[in-house]
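Novice: Fit chain W to the known structure of chain R by using the hints.
This is what each chain is made of:
There are 2 protein chains.
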Amino acid sequence: MSHEPPGGGKRVPHIVIVGGGFGGLWTTRALASADVRITLIDRRNHHLFQPLLYQVATAGLSSPDIAAPLRHILRSQRNVEVRLGEVVGLDAAAREVELADGDRIGYDTLLLASGATHAYFGHDDWAPDAPGLKTLDDALHIRRRLLLAFERAEAAQDEAERAAWLSFAVVGGGPTGVELAGTLAEIARKTLRREFRRIDPAQAKVRLIEAGPRVLSSFPEELSEKARKQLQKLGVEVVTGTPVNAIDEHGYTLGDTVVPARTVVWAAGVAASKLGALLDAPRDRAGRVQVLPDLSVPGHPEIFIAGDLASVQQDGKPVPGVAPAAKQMGAHVARAILDRLKGRPTTPFRYKDYGNLATIGRMAAVVDVHGFKLSGLLAWWFWLAAHVFFLIGFRNRVIVLINWAWAYWSYQRHARIILGDRDD
Amino acid sequence: MSHEPPGGGKRVPHIVIVGGGFGGLWTTRALASADVRITLIDRRNHHLFQPLLYQVATAGLSSPDIAAPLRHILRSQRNVEVRLGEVVGLDAAAREVELADGDRIGYDTLLLASGATHAYFGHDDWAPDAPGLKTLDDALHIRRRLLLAFERAEAAQDEAERAAWLSFAVVGGGPTGVELAGTLAEIARKTLRREFRRIDPAQAKVRLIEAGPRVLSSFPEELSEKARKQLQKLGVEVVTGTPVNAIDEHGYTLGDTVVPARTVVWAAGVAASKLGALLDAPRDRAGRVQVLPDLSVPGHPEIFIAGDLASVQQDGKPVPGVAPAAKQMGAHVARAILDRLKGRPTTPFRYKDYGNLATIGRMAAVVDVHGFKLSGLLAWWFWLAAHVFFLIGFRNRVIVLINWAWAYWSYQRHARIILGDRDD
Chain R
346 MSHEPPGGGK RVPHIVIVGG GFGGLWTTRA LASADVRITL IDRRNHHLFQ PLLYQVATAG
406 LSSPDIAAPL RHILRSQRNV EVRLGEVVGL DAAAREVELA DGDRIGYDTL LLASGATHAY
466 FGHDDWAPDA PGLKTLDDAL HIRRRLLLAF ERAEAAQDEA ERAAWLSFAV VGGGPTGVEL
526 AGTLAEIARK TLRREFRRID PAQAKVRLIE AGPRVLSSFP EELSEKARKQ LQKLGVEVVT
586 GTPVNAIDEH GYTLGDTVVP ARTVVWAAGV AASKLGALLD APRDRAGRVQ VLPDLSVPGH
646 PEIFIAGDLA SVQQDGKPVP GVAPAAKQMG AHVARAILDR LKGRPTTPFR YKDYGNLATI
706 GRMAAVVDVH GFKLSGLLAW WFWLAAHVFF LIGFRNRVIV LINWAWAYWS YQRHARIILG
766 DRDD
Chain W
346 MSHEPPGGGK RVPHIVIVGG GFGGLWTTRA LASADVRITL IDRRNHHLFQ PLLYQVATAG
406 LSSPDIAAPL RHILRSQRNV EVRLGEVVGL DAAAREVELA DGDRIGYDTL LLASGATHAY
466 FGHDDWAPDA PGLKTLDDAL HIRRRLLLAF ERAEAAQDEA ERAAWLSFAV VGGGPTGVEL
526 AGTLAEIARK TLRREFRRID PAQAKVRLIE AGPRVLSSFP EELSEKARKQ LQKLGVEVVT
586 GTPVNAIDEH GYTLGDTVVP ARTVVWAAGV AASKLGALLD APRDRAGRVQ VLPDLSVPGH
646 PEIFIAGDLA SVQQDGKPVP GVAPAAKQMG AHVARAILDR LKGRPTTPFR YKDYGNLATI
706 GRMAAVVDVH GFKLSGLLAW WFWLAAHVFF LIGFRNRVIV LINWAWAYWS YQRHARIILG
766 DRDD
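Protein sequence lines correspond, in order, to chains R and W.
With the working numbering applied, the first sequence covers 346 to 769.
With the working numbering applied, the second sequence covers 346 to 769.
So that you can see chain R by itself, here it is in the shape it has in the complex (with noise of 0.2 angstroms):
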C-alpha cells in the first residue's frame, strides 16, 4: 500500500494510530479539523464500548449493540483513513509500522492506543479452562460456555456430573468479575426459572474468588462492604482472601480445597499489549510503557501512548485503567499533536477523576463521587444512566435502552443464542 494519500495533493504531517479504543478514537476525533493525514489501524473493525462487554458475555445484549464500525463512526472525518490489519513490527528510526499482511506504513507521528488484554500470571495453561473478557470474541465464547453449563447439566448422567456442571466461579473481585458474578447469579435465580425440568437451575453456586482482603479494592472500604452484601443478597457466595491456585477442565482449587467445577470465568489479570514491547522504552511489571508527562516515549518526541498500554503516576498513585482516562490521554494527545505542529511546548496530561462506578446486578451498584457515596437502587440507575449516556451512536443507546427496559421488566435476556461449533 502506497504511504501517500489516495488523491495525491500537498504533503501534510502522516498521523499514525494504532488502536480505535477510547484512547485512540478520542485522538483521532479531536484532530478532526487539523491539517494532518491520519490512519487509524485497528485489529477489528469496530470501536468497542467495553464497559457493557459483560452484557454481551452473560446474554442482555448483542454483539452490536455496543460496538459501532469504526469506518461509519470516522465517515465524515475527510483526514483519516481506517485500516482494518494488525500491527506487528515497528521501525522507530525508518518511522514506520509493519502490518501481519506485510504492509509498511510510515508515519511523521505515532500513537500506540492498543490497549491491555487478560493475563494468568504466568498460568497461561489455565487459559483455555479459565476464559477471559477482553473482545466481542471472548464474550460470546463466555456466553456460549455459560449457557451450555445449564444445559449439560441437565443431560448429566449422575449427581457428581450435574453439580460440576451448576459449579460457577468467577475469578478476580474488580468490576468486571463482580458485574459477572451478580449478572450469572440473576440468570441462574430468575432468568432460566421454570425453563429446566431435571435440574433447578436456582440450584447453581455462584462463587466470586478474590484473591485481595475484599472486592471492588479501587473503591472505599465502605463500598466494597456494601458490595459483597449486594452480591450475597443476589445469590454470590463471594471468597476474599484466598489465592486460586491451579485450574484445569475439572474444576478450580481454592487455597488447598479442590472445587469440581465445569465453568470458570477469569476475571483476575490485566496485561498490556504486546506493542508496548516493539519499543525501547521502560515499562512496568504489567507491561505498560512508562510515558513522559506529555505522554509521549522517553527518547521518541514524535510517539505517544494512550489508554492502558500507558503507565501514569499522578500524585504518587497510578491513573487506572479505565475508559474516561483512555478518552482524557486521547484528548490530550491530540494537543499535544496540535502543540508540535504549532512549535509550541506540549503540557503534561492531568487525569480528572470523575468517580467510580461499578454495578453488581439487578438494580444493585456502588458509586463514588469524590466521597458522595451511593449503593443499591440509585446508584444502579445513576450507573445505567451514565453508561447509555456514553454508548456511541445514537442507535445503540436507543435500542440498549429498550433491551434493558425489557429484561427489567421480565428478568429475560434476549441474546440466549448459542453460536459456532458447541464443543470447542
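In case anyone wonders, no lab produced these hints; they're calculated from the structure.
Yeah, the Cβ is synthetic: ideal placement off N, Cα and C, and Gly gets one too.
Some hints here could point you the wrong way.
Unchecked claim - Okay, the calculated bits of chain W under chain R, using three or more residues with CB under 8 angstroms as the criterion:
id : region
1  : 506-514
2  : 539-553
To be verified - What follows is a list of derived Cβ distance ranges for each label pair:
id : chain 1 : residue 1 : chain 2 : residue 2 : range
3  : W       : Thr587    : R       : His645    : 53 to 61 angstroms
4  : W       : Asp470    : R       : Gly700    : 54 to 62 angstroms
5  : R       : Tyr756    : W       : Ala547    : 39 to 47 angstroms
6  : W       : Pro643    : R       : Asp469    : 52 to 60 angstroms
7  : W       : Leu722    : R       : Gln422    : 29 to 37 angstroms
8  : R       : Asp601    : W       : Asp446    : 32 to 40 angstroms
9  : W       : Asp593    : R       : Asp469    : 34 to 42 angstroms
10 : W       : Gln635    : R       : Ser421    : 19 to 27 angstroms
Specialist: Frame of chain R, contents of chain W only:
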C-alpha cells in the same frame, strides 16, 4: 439419561420430536394440552426464524432478533422436555433414537422434522469458497466474508486484486438468492458510501446467477420479470440460463468464462437432513422421505415426518419447502397423533397455499396471493408486515421493527460487526 420423566408418575405416551424448526415446534405446541410426554431434541438451543436469516447475513439484524431459545418458548408447556443434542442413530425396531453423546431415548411416537441443508450437487469442494445459508453460524460467516471483502479491497495492492475483492456473485435465483443479491447491492451502493478512501464501494459488481431461465421460478413469469427489473434497478447484474461450472478461491466459471471473484455465496441447492437416511423408506432425489398421506412413514405408523424433510405430492405438484408448509405439517402431525391416541383413523394432509412472497431489497418485493399480484413498494410493505407478524416472541417483533425503521431511514445496517477469526 433415563427415559422416564423426572417426576415419575403414570405412564403416558412418549412423543420424541427431532428438530425445533417450524415443523417440530408447531407439533409440540399443538400437543400442549394432550396427555402425552414430549421430548424435543435439537442440535441448537434456539428456534430460528429462517425467512429473515438473510438479514443477519447482510448485517441488518442481530442473531437474537430472529432466534429465541426453545426452552424459553416452551417454558410454560409442562409436558415438554427440551434436550440439546444431536441425533445420530435410530433403532426403529426398539423404538429408540441415539444421541451423539451416547444417550438413547425411547419413544412411542417419533417425529423427524430436522429440515434441510444446502447442497452442492456433487461439488462439495465448492463449499469453502461458496458458503451457503441455513444456520445462524452460516449467516455470521457470510456476513464476515462480505464485510471483509470491502476491507481487503481497500487494502489491495493492485487493481486486479481490488477488482476481484469487489466482485460478488450469488449463485441461485430463488428467494434467498434474490434477497441476498438485492441487499448486497444496497450495502455497496448506500450503506458503505463515504466510508472508504481508496475504493468506491458502489463500483462493486454484484451478480446473481441462475442456471434456469428466470429468477423466482416458483412465481408467475410476470413477477419473475418484475423481480429482475427491480434487481437491476438496485444495481444487480442478473444472469439467467447459464450454469456455474466451477468455483474456487479465485473466482467462478460461468459457462466457459472464468470470472475473478473473491466472494461467492451459494443459494442454489437444498438437500434434506441426513436423518431421513436412517429410515428404511423411499426418498426423493433431494433425500426427502416419501411419506403416506397422513405424513407417517410407510411401514412405520409410529414415525412421522414434517417440514423440509417430507416429500409430499399434492395435485401432481410437490408441496414447497417453505415455512407455512412446515407449520401446517407440524399441526397435522399433532392431529394425527391425537387421532391415534383416541383410536380414530388419521386424515390426509392438505397444504393450504396462502400465497408466495419474496423480498428483493429496499422497497422492492413481489407478492402472489392466488393470482393477486403485487410488486414494488406496496409488495414490500406487505412482505414486511407478514414477516414481522410471524416472528416468534413479542420482543423480537418490536426490536426488529425498530431496527428496520432505523435502517430504512438511515440506510444503515447496525450489525456490521466482524466477529471471529478474520483469516479463517
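Novice: Tell me the numbers of any earlier hints that the structure contravenes, in ascending order.
Specialist: 1, 10
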